[in-house]
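Undergrad: So the protein lines, in turn, are chains F and X. In my numbering, each residue carries its 1-based index in the first sequence increased by 741. In my numbering, each residue carries its 1-based index in the second sequence increased by 36.
Residues from chain F that face chain X, not an exhaustive set, calculated with beta carbons under 8 Å:
no.: 1; residue: I773
no.: 2; residue: E776
no.: 3; residue: V777
no.: 4; residue: T779
no.: 5; residue: Q782
no.: 6; residue: F786
no.: 7; residue: I799
no.: 8; residue: D830
no.: 9; residue: A832
no.: 10; residue: P857
no.: 11; residue: L858
no.: 12; residue: V861
no.: 13; residue: L868
no.: 14; residue: A879
Covered stretches of chain X, going by a simulated chain F footprint (3 or more residues, C-beta under 8 Å):
no.: 15; segment: 103-109
no.: 16; segment: 190-200
Computed Cβ-Cβ distance ranges for the label pairs, DEER-style:
no.: 17; chain 1: X; residue 1: Y354; chain 2: F; residue 2: W856; range: 51 to 59 Å
no.: 18; chain 1: F; residue 1: S781; chain 2: X; residue 2: L292; range: 31 to 39 Å
no.: 19; chain 1: F; residue 1: I859; chain 2: X; residue 2: T251; range: 51 to 59 Å
no.: 20; chain 1: F; residue 1: S781; chain 2: X; residue 2: F69; range: 34 to 42 Å
no.: 21; chain 1: F; residue 1: S755; chain 2: X; residue 2: V86; range: 27 to 35 Å
no.: 22; chain 1: F; residue 1: I859; chain 2: X; residue 2: S195; range: 27 to 35 Å
no.: 23; chain 1: F; residue 1: F812; chain 2: X; residue 2: T251; range: 52 to 60 Å
no.: 24; chain 1: X; residue 1: V86; chain 2: F; residue 2: P826; range: 26 to 34 Å
no.: 25; chain 1: F; residue 1: W856; chain 2: X; residue 2: G208; range: 24 to 32 Å
By construction, these hints were calculated from the structure, which means they are not laboratory data. This one's a predicted model, so the numbers in the text were calculated from it and none came from an experiment. For glycine and all other residues, C-beta sits at the position ideal for the given N, C-alpha and C.
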Amino acid sequence: MEDYVGMAKMNRPSSAIAGGIAGTAILSLLMILLEVQTRSQVHIFDAIARFVGLPNNILIGFVLFVAAGVFAWPLLFIALEPYIPRGPDPAARGIVFAFVLWLAFVIAGRGSIGWPLIIVYAGLTLLAHLAYGFTLGAVYASLREENVADTA
Amino acid sequence: MRNGWPPTLAVPDGGYLLGGETETENEKPSGLFRWVTSVDHKDIGIMYIVFATATALWGGTDAMMIRTELLTPGAGPWDPVTYNALFTTHGLTMLLFFVTPAFTGIGNYFLPLLLGADDMAYPRINAIAFWILPPAYLLVRAGLITEIIAKALAVIGFSITSLFALQPPGTGWTMYTPLTTQMVNPQIDLMLLGLHLSGIATLLAAINFIVTIFTERSDDVSWSTLDIFSWTMLTTSGLILFAFPLLGSALIMLLLDRNFGTTFFTVDGGGPLLWQHLFWFFGHPEVYILVLPAFGLVSLILPKFSGRKLFGFKFIVYSTLAIGVLSFGVWAHHMFTTGIDPRIRASFMAVSVAIAIPSAVKTFNWMTTMWEGHIRLTAPMLFCIGGIGTFIIGGVTGVFLAAIPIDLLYHDTYYVVGHFHFIVVGIITFAAFAASYYWYPLLTGRMYDQLLAKVHAWLSIVGTVIAFGLMLINGALGLPRRYATYPEQFASLQQMMTIGAFLIFAGVIIWLYNMIQSYRIGPVVMDADVWNLKSIDQFTREWQWFEERLEERRRKIRGE
Ligand code: HEM
Ligand SMILES: [Cu+2]
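This is chain X alone, in the form it adopts within the complex (with noise of 0.2 Å):
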């Protein structure tokens, strides 16, 4: 044998069904066909989660694509048509198709473990909102795809220039009137198919959060020991469930504007400012539809390493529950430039400026939590606390947007770019990551390579703060957003930037490499006990799972 490769018990744990263990299903057919059938919660999480990981590569690789373009002042190596479809589908793929379904997939691995329950809800109608995703993502991406067909065809010798007719779509993640409807490019009508399908995906993943919550929780978990997760869960779903359906219907009718003659946000019609308020409306709860899930993640991690319980609980969850309802109450502070009413306006910024409380509770809260704490610095340790810090940046930033003074200097320019990154990157990706460790050993039945995990750490969080925190710089000193080309004086702070986004990027792909590595020769989780958390009595449900898991396993092995 060589060197203890492969290691001896390869026996992956935790993670797989061995059949028989839920109501639902007993049987499991085995290959590529379980994973199609599978109504089981842990299977379709982790495919939740594969998605995520695939979907947030490609978006990863228009925001490359993005920096290479801005390394310079001209337009080049791309045109500013394909520039203008790079940070739209950029936008898109990564708020709707990355985190959306990341933490749909987390809670649908771990919320029935956190509860107590079999399964979720109805564990059919999650299969199907898991699976309508990917056809809605290759959707919004369709013409790319034609692309490569018609690529692949060119080479061995057929051309078929029909294939070429539909272009990545340059509208903005916003998709602005009357820009949106008069763009002829096909792709656009699909793309808003696709973006229709993937809320109805959503929704029905929220409906089946909300229900399995209501009604799933074992006996001994009641509303005053439901676990943070479980909570903003809870409330994200509540969010998804007003603010989806409306921009399904603002979709439907930009759809009918574009192709049947509708007037809905035409000029003499609706009017364009109609789309800005159904979208908006939508689209201010949609940030906190992201972020609420990587706060319960953060408030769930922070304090198994920090070896005391959460400072505060109750107000979190309070905090939590505020957010969610301001959060629909905000959403034309987006619009202070499109010369709405002043009296208008300023409601708008009391109502923003409040919402700072509740979020300023929780990085309170996490900071009294880590307070004389016995802090250790693991991986998804380093990544929630530099999220706390890359959080208050992009909360302060955001209090500032939220002053219509401020605002109409700062709209569209880089600062806001810089702003929600600090949050979209920031406290979210990061939130993602750290609970990505944190599991690790559960889900895989493994551990992963610490090291490379600290690496992954430490260059996310720097490259964070060089890259976004030069944009709040450039932004400030006036560079607008959405363009391809700009002023040579800015010149060297771009490429700054860009070096800062290669190093967040250097960063995933040593975590891809962790991730995958790691489940084939990692080394074997013998004790459910991996972070120590008996000694703070922490060692909590889903763990308590894992060790059930473990003895059953060995049980087996022993042939008991």
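Bound-form chain F, shown alone (with noise of 0.2 Å):
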């Protein structure tokens, strides 16, 4: 690909968190997706409110969400990166990255959802997560300086 060596580089601090603006913005999508596909029966806002710790304001939530999707977790999983397993490729260690976030995630949003939404609810979260995580990885790989020295 003649472009991918010409390609702007960026360094890595910028190039994770153009890889989390990509990631958050699918894994909003896809939140929002859920939420309207199953009727709002699992209440996606509310769970990212809760997840940040805040179970009564939705909309401070969410903006909590976006700055951790695009700065936070995307600052620490560069920091983290060498010791991801599944390595060298960015894009596989982001699948493990986003599946802790996960972990997080499922626990501290569950609020009062029972069986057998919890399924929808877990299965199709875990989706968006590996999503993120996936992209957020790839869009890095694609950017970060070392490709030049890596692709020449």
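If you follow the hints, you should be able to join the two separate chains into one complex; please do so.
TA: The structure is reproduced here in structure tokens:
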């Protein structure tokens, strides 16, 4: 891919944040789809608010959620990157990373969701998180500086 | 460099144009603009496939929600209204927006290669036909889209109640009247318009296939050397040509009944049975429109991994044509319970049973192809063999349903749902997966993860037998379909069915991951003969084309 090598390269934190933006966009989209598709049974926005520790404030909860998805998790991700299994591909590592995030999310955000809805809640939020991690890693991998040296 | 990642040769092969390769287009813009403006059959084929994947995931989510609802005998987690919407959108999505576009996409990409044509006969119409589909699908699903907007606004503190007016349609994919005429939900009108639009798209694509096969073949491809997949796409397109205009007209009549007081389907007008006749005169050929390309793919791929030529090629072609003709003569087997004249019923039963013969010809030819062959159990082959097995179950249960006395018992029970899923999942979806693996190297220039692919194949086969096999049993025990609630004694069977469905879904996620991840970092294909087809003399046209492309690319890299 000619433009692959020529693409503008960024330093590691900014490429991680770019990955975070892409990942959070996909995650939010999937969460909204989940909320609508399940006809509001899951109350995903409440789950998000519970996850960030503000059970009664959906708007601020959502803002915090986006901030974490764009800045906090991506920076944590590159700090931990060498220690995450399934490398060296950052996208595969991103999946492992996001799985851990999902564990926290599904426990903290569960609220009063009961059987059998919990299956849908757990399954679909899992997929949404894995998509987040994969996108984060993939975008990060294609933007960060080392690639210039790797592919040229 | 880290462990060979990313791969040194990050050059996608085969699937993409470098410009100046077709007569219709000389220069290609890059980026998003390229896709929006492209009239190249390969680009359009890819877009169809991507669209079909997205809709299949959406319709699959519907299916998983149906199965979640049925985990418990009572209503919940969703109410029965939502349940009705779920099986409606599931059915419509899967039939008209997943399978049809998926095969149109595969046909778009590969028919010109198999025919030795430069492109489809009408490249621009081809592009238009594709671009009609996304808006058509959005119309069918419009209620959810407006709800998303409403929800997003609500989070920021605005609430616009009118955005909630469109409720997902709960008509069933058959849209039977008088129910569909009487439901007030305005979303149903949008759905009818969307379906009409999608019919236009399908029709345009079919005309393009027919003209392409008739007029664009290269000199050395005659009718006698036409490959099996092109034969089935030709027959399918012929069926579309006769079936879809009928659906279009019926939809318009329904729309008029709903909005302008016409009486096509009212009790004192044409009557609700008129709808059923019109719908099924389209609807039954439609199921063969879906299954014939799948048959074609199995007939094409199976010999490659059996080390033998397709047994009885001519008979497979004849049976395809026979199915095509007969499929228009059986529609009333969906109406045995409506009280139509027993003599008419009997004749429909006879034709329906007769259609089993050409189908059986195919299965026997497939088995004979494998007989004493050198079988290689790759993922595409696993899907073909699994597909033949599940198709036999689906076909035999279909013969039972074609028998009037049995249909009177099983009509509108889970037996029917089990029967047709052994076909729509068991061979149609399986064949699409087989093709996705078989041609993956050609489409992307990279190889997929073979272990994951086999896991996917086995999950699908086992999941299908569990989920839909148990539906047959549930139906035989008398459980009616299309109810959100059911008697307590069916609970454990229902839960096992759901486990089967989740297995299938897990396989799909593995497939999706494999497709995306291998596209990024799968091993680059160096030798076009990925499947060792040269040794069995089956290195067919599309692979020869691929070999030339790889060679061309190498010359470019070497700077020649
Ligand atoms: C894992 C995959 C699938 C599962 C678990 C599943 C499950 C179901 C169930 C339980 C129903 C019956 C709903 C009811 O009558 O209450 C149904 C209906 C239906 N399904 Fe599927 N399905 C799957 C895939 C597919 C595919 C791939 C297709 C088509 C290509 C398809 C086409 C249909 C159609 C046409 C109906 C009839 C809708 C109606 O009753 O109006 N399904 N499905
Ligand atoms: Cu039929």
